[in-house]
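There are 2 protein chains.
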Amino acid sequence: MFEEKISERSLATPPSFIRSILKATEQEQTISFAGGLPNPISFPQEAIKESTNRVIDTFGAKVFQYAATAGLLPLREYICNRLHTKYQMEIQPDDILITTGSQQALDLIGKVFINKGDVVALEKPGYLGAIQAFSQYQPDLHAITLEEDGMDINELEQVLKDKAPKFLYVIPNYQNPTGISYSDEKRNQVLSLVQQYSCILVEDDPYGELCFEGTPKGYISAKAPQGSILLGTFSKTVTPGMRLGYMIVCEEGLRKRLNTAKEAADLHSNIFSQYILWDYLSHNDIEVHVEKIRMLYKEQCATMLSAMKTYFPKNVSFTRPTGGMFLWATLPQEQSSLELFGRASKENVVFVPGNPFYTDGRDANTMRLNYTNSSCETITEGIRRLGQLMN
Amino acid sequence: MFEEKISERSLATPPSFIRSILKATEQEQTISFAGGLPNPISFPQEAIKESTNRVIDTFGAKVFQYAATAGLLPLREYICNRLHTKYQMEIQPDDILITTGSQQALDLIGKVFINKGDVVALEKPGYLGAIQAFSQYQPDLHAITLEEDGMDINELEQVLKDKAPKFLYVIPNYQNPTGISYSDEKRNQVLSLVQQYSCILVEDDPYGELCFEGTPKGYISAKAPQGSILLGTFSKTVTPGMRLGYMIVCEEGLRKRLNTAKEAADLHSNIFSQYILWDYLSHNDIEVHVEKIRMLYKEQCATMLSAMKTYFPKNVSFTRPTGGMFLWATLPQEQSSLELFGRASKENVVFVPGNPFYTDGRDANTMRLNYTNSSCETITEGIRRLGQLMN
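The listed protein sequences correspond, in order, to chains A and B.
Using numbering that gives the first Met the number 0, the first residue of the first sequence is number 0, and each one after it goes up by one.
Using numbering that gives the first Met the number 0, the first residue of the second sequence is number 0, and each one after it goes up by one.
In case anyone wonders, no lab produced these hints; they're calculated from the structure.
Do not take every clue at face value.
DEER-style ranges, computed between Cβ atoms [claimed, not checked]:
1. A:Asp359 with B:Glu7: 53 to 63 Å
2. B:Leu388 with A:Glu76: 45 to 55 Å
3. B:Glu286 with A:Gly213: 52 to 62 Å
4. A:Glu27 with B:Glu156: 49 to 59 Å
5. B:Glu376 with A:Tyr86: 48 to 58 Å
We put the beta carbon where it would ideally sit given N, CA and C, even for glycine.
Work out the full structure, taking the sequences as your base and the hints as a guide.
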């Protein structure tokens, strides 16, 4: 009796690859390059325990009660201060909405902007969680080719000119799925184009803190705060399990709409965890903590790249990230990564085939590999097995 | 540049009364009968601290990592066992999705079922959070008059017959906003009607545990698990701050759709808190804990009723709940509770005027009063002030 009652929206939402990935990682013997799982080194277990005890002792019932939709004020103040210190951004705590992970921010943005058929522009390949979140609202997605230094600017201008997308969604730092970062030049070009064509910029930055080579670049949206939305998260630096992210929305009218949408979605994000996270950030040196993560990921990335050089056939190319959690490999054109996935999972190695990162869901010769959640020995062994299967 | 880009969906979502209520409650001197705030007695602070330490020590990184969308298996097993023990319900852990509060369940249900213009039936007056969540998807809401013992059955049949709603949303135990409970007869009538007209039953039960007079009744949906969705929450018995609720969906195809919608919304609910909640429930006698809450709310409800009898004019009527957190007062027909709200808030007493509980948002002579979050002295004083303003 249900099937005929399902909404168009739900019928338009692609079945999820992430879900099967997470299920796959639940099996102990599998070598998983599939998920976007941070290394457990990033979870400050003892410090979180201390923070939990402290916030319960200090604030009592407040950490357990209903709370305001926008999120815990001291946590929002912390975010402001950090962005000011790191990037000289001039934002106020009121510009921030705490979200239930960045994924919720993507859903809220889709909800507040997209009418059926509206054009939305994003990267090709693009983040599958964003494609899934936006797809629910039945947009006309236009994906713009990602080059080694960022978006193809000509393609972007063509789409802005011909299609007038409501917003452009980008991950300029260590992009998911490719690991690519935008050059300064491309950042400036993207900014001037979205301004010229009055397109909203949605800049997502889950990985910016994970810079292990060179220096991190500031935000594109920092130069146009009124025309943009900036997303951040604590999932990669403290814990994804608490589902805490944020969105910076300087335009008040829009922020009210997003706030109402958030309220209808879950009233507010877990306030118990917001208190704990804020206390943890206030009582610990986050720079020291994140530096440990960076050093580990640098080693893991280098190990994966070196193993790929050794074991992958020469006709397989791949990106060389300077931060973040992923790299992107491209098989010869006629090969299917989905077919490889099937054979690899039998050998207990999994990755994400390129398909779900394309808006047309086509079969692809590309694949995303995560290097952050395996030991260097495991990385080498997994890449060795993949290399054998490729040959 | 934003306003013209806002979706129809967002434009259709009513501005929120709950938000201003929660803001009002942040002022210390205000007597608030407005929110749905549980009494802090329901927050087992020390036990939660113990559980946090224990789950971190026992499970380590797992409590901090990404997790499966459906939710923590042992928590879902706990819910199954409890519903089996209490109501002899035969459900499986796989029938359960953990949600980010019941509010998320309402949003997901709207998302998965409602196309613009689809008919949805609910109670008049109905829960404002549900009206808000569903409204985002632009349904044609049909509200069915609530009588002292549940829905007006003739009206319900008429709507089912003439309008074929996709689903019927009800809160049969201590309804929000009225505090009314459905009689056994009305429960049976609702069940046979939704079955006759193939309408999905969405049964929401945030308050069923808070029965302080008589014995709790089982679920309508327990008799038709394949044609219904049952919502539950830990917000009223353990803590709302952790935003943990659940939905029971026995039909597999529908559950997959809801799971995909949840994944697109926030990947999964806070797993750190799911572990803590499960550990708390496993290591403590929840019956003893909930009994304390029941006894307190019974006294608070009796105090409010007694104060209303003393201070309210005789032409103001009100419900007499046997459980839950709210009661519902009706002013003489020509009076406006919104006008009273304006005057009362100046006297530092707030409640929720009836308006947001009606789908047509009309001015109303009704009001919701919450009795669970004030001391008996404060309840009496607040009602005294309201009584003065009514005279």
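- Item | Which numbered hints fail | Hint check: 1 and 2 fail, others pass.
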